[in-house]
Amino acid sequence: MTTYIIRRCLMAIPLLFLISVISFGIMKMAPGDPTALMMDPMIKQENLEAYKESYGLNDSIVVQYGRWLGNMVQGNFGESFIRQGVPVSELITARLPNTLLLMLVSTFIAFIISIPLGVWSATKRNSLQDYAITVVSFLGVATPNFWIGLVLIMVLSVHLGWFPIGGVATYGEPFSIWDRLHHLVLPAFVLATADMAGLTRYSRSSMLDVLRQDYIRTAKANGFRQKTVIFKHGLRNALIPIITIFGLMLPSFIGGSVIIESVFAWPGIGLLFMEAAFQRDYPVIMAVVVIAATLVVIGNLLADILYAVFDPRIEY
Amino acid sequence: MLRKPLWKVAALAMILMIGACSQPEEAQNIDANAAVQEGSEAEGGNLVLATTAAPTLFNPYYSTDTSSSTIEGFLFSGLVTVDQDFNPEGDLAESWDFTDDGLRWTFHLRENVKWHDGEPMTADDVVFSYTIPKDPDYVGPRGLPFEIIEEVNKIDDYTVEFVLSEPYAPFITITAQFEVLPKHILGEVPIAELGKHPFNTKEPIGTGPFKFKEWKEGEYIALEAHEDYHLGAPKLDGLLYKIVPDTNTSMAQLQVGEISMAGISPEYVGMAQDLEAKGMVKLESGPSNAFEYIGYNLRNELFQDKKVRHALTHAIDREAIIQAILGDAGTVAHGPGSPANWAFNPDVPKFEYDPEKAKQLLKEAGWEPGPDGILEKNGKKFEFALKTTSANEIRQQIAEVAQQQWAEIGIKTSIEVLEWSAYVEQTSPPNWNFDAIVAGWSIGSDPDPTWFWHTSEIEAGLNYNGYSNPKVDELLSENTQIADLEERKAVIAEADAIVTEDQPNTFLYYPEGYLAISPKLVGPSYNAANTYYKIHEWYFEQ
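Protein chains in written order, with this note's numbering: chain A, 1 to 316; chain B, 1001 to 1542.
FYI, nobody ran anything at the bench for these hints, they're computed from the structure. Careful, some of the hints might be misleading.
As the list claims (entries may be wrong) - Once the Cα atoms are required to be at most 16 Å apart in a straight line, the calculated EDC-like pairs of lysine to aspartate or glutamate come out as:
no.	chain 1	residue 1	chain 2	residue 2
1	B	Lys1196	A	Glu79
2	B	Lys1350	B	Asp1328
3	B	Lys1282	B	Glu1541
4	B	Lys1381	B	Glu1419
5	B	Lys1196	A	Glu53
6	A	Lys28	B	Glu1419
7	B	Lys1196	A	Glu90
8	A	Lys52	B	Asp1137
9	B	Lys1134	A	Glu46
10	B	Lys1216	A	Glu173
11	B	Lys1216	A	Glu315
12	A	Lys28	B	Glu1425
Claimed, not checked - Some chain A residues near chain B, calculated using beta-carbon distances under 10 Å:
no.	residue
13	Gly32
14	Ser252
15	Gly255
16	Trp266
Even glycine gets a Cβ: it sits at the ideal position worked out from N, Cα and C.
All chains should be modelled from the sequences, with the hints used to inform the complete structure.
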């Protein structure tokens, strides 16, 4: 197991390297550079040139990438081109915890709601409840979640006043868990909806597969109670494909968080990425790409380890 | 929508009015529950402003974005500021005078100005600040406004003299509005490192009505009242500048009263009017200091004939555009400039909506309908691409209307919508890779039109059209040399009239700006020049 994990970690290095090369290339192919936002008749071309020169923007792309990589392997993400003098690591440290919190909570919400729904739906196959859940799931899959976010803001925050509109905490009030949760619930729920629908469908079909297995019939034949059969024998096995989905969901949580963070003014890394992308703040863009890629790699590794935990047939 | 606060340079000159609508747009809000106290004039409370784009750094000699310059306006003071009609008004300077040749300007500074750390502000600070952009080691965007300065001399502790290389009218409305930085803090910092100095992001010290308290990354910038402010202690306790990236969200905040003052972009005007009807906000409006247009690339043969350009304008129903797309939040433009600006010339040639006349003009120019109905001349079809940016939805809609209306007179256009940076790169020097663009300009605190129309601005400036008219060049060169406002106005008016006759652009409309204000907040009023004029006197009413 340990050797497996170490091997997987080592394999991640060339992968991350490749991701960084491709991202850097795509980023540089995008037209414009950080000076594109400085469109102002009162700005002289020479001033812009001096700025570009000072940030090495006139060097060849290979040189620029080499410089970035050299710093990067020493754990130095460089300084922002736009927020001049501010280390990228400072921006990341301020933002990453917010995104991780949002992701963790929304993953939790997605699982805690979807899996029971899927199981229930599977055991009540073709019943009214099953159809209702199916319809809602498909609606969920088809609805963009920024829209769900805006609708929930309009209904729950604006009209009913139950939740604050955006932000992570109330300004000027001392830290309180309750206040943080109050701000967290809506964005986390909305981010979860993106995957909840799919997850419900997956757990339903996975559960149905398992329920058709011989060992379930054997278990039933042995006179175990329905509950025991479903939750002890069935669910554990039905979860295995769900773990794969969890690994696949991580990137979508990171991608989805860009939009959700924007709608809920949630100061996370997705929002930072969006700002940086518009401003062509290259060091920030690259830092977020590398971190997101690392998270995805870790997520997949985690999924693979979880296989071994849940599936006795798998051993590393 | 509300254009930027023209505190200062921010609006410097004309900032490319990009996604004027959707880019760094501002909404200003008031913390509704913060202010209410007894009495009719409740002291204190936090003024809460919101922005869609986070600021970058607080140093006017290095920042280029609207959010930063707005906050710089709260933190720092310049020698002068502008009032709500763009008239220069003393800020750090109590008064100023200049010699008849316009070359020597003397500023008499207020003696009661204190930095946020308690140190007195003196002529040394002014000399220090105004020579930063002239330093050979300076790496920043603000070289141009200081180019005409030959010398900055300290006469005594509270008198500064500027010697200019030539008379330059915008010196007072642009250059002298630049904020002054503290020499006692930054004096020893090498100029090459000033742009990256932690002062700019961690601990800016200024002389403005509010002092820096906290910058919570991605969330807000908090400021608190500067009790020693030279024009009087602010009545507000502080100011919260929130980052709310999604306009839908900030409009929702406006609706619940969390935001009680917000610039309203055209697509939200209807909603704001509803709120006004319910008594939740006061809604004010007026012309914003900007114009929107379809610009033609005069390097392209298609557009070189003035008759053709007239025809293109006659074919566009601008009234309909304003009604249908803007919900009436604008007035038809015939020429450049803005009714919000003192130099505006309403008396320019008019080009009414008249498709028949457009066809006639095109016929005179030698364009005849081909077999497919598209106009042809010497075997070449009249077709071109109309570019605009995804950052601005209104412009995209205008492009669609223009496409249809030109199709009606036999002109074929394709629309290309580009992401902002890509759009800038393609349309600006040295690429000028466009046939026509739907765009807009925001005019700064000085109305100098040189930037748009002077031949010298073609190569690297904002004259993207490549427009050149010797008479206009002559008038524009003259305009900045004239100190007298009325005289200067006449010269600008003449130039604007010639430009209008030449129609390098189809001038579309002058956007109307809207400002929603909390019914409890006393002080702000809609104006295009200086949104936060006399903010130290603002207060919340019971």
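TODO: Give me the numbers of the hints this structure contradicts, sorted from smallest to largest.
DONE: Result: hints 2, 4, 11, 14, 15 break, sorted rising.
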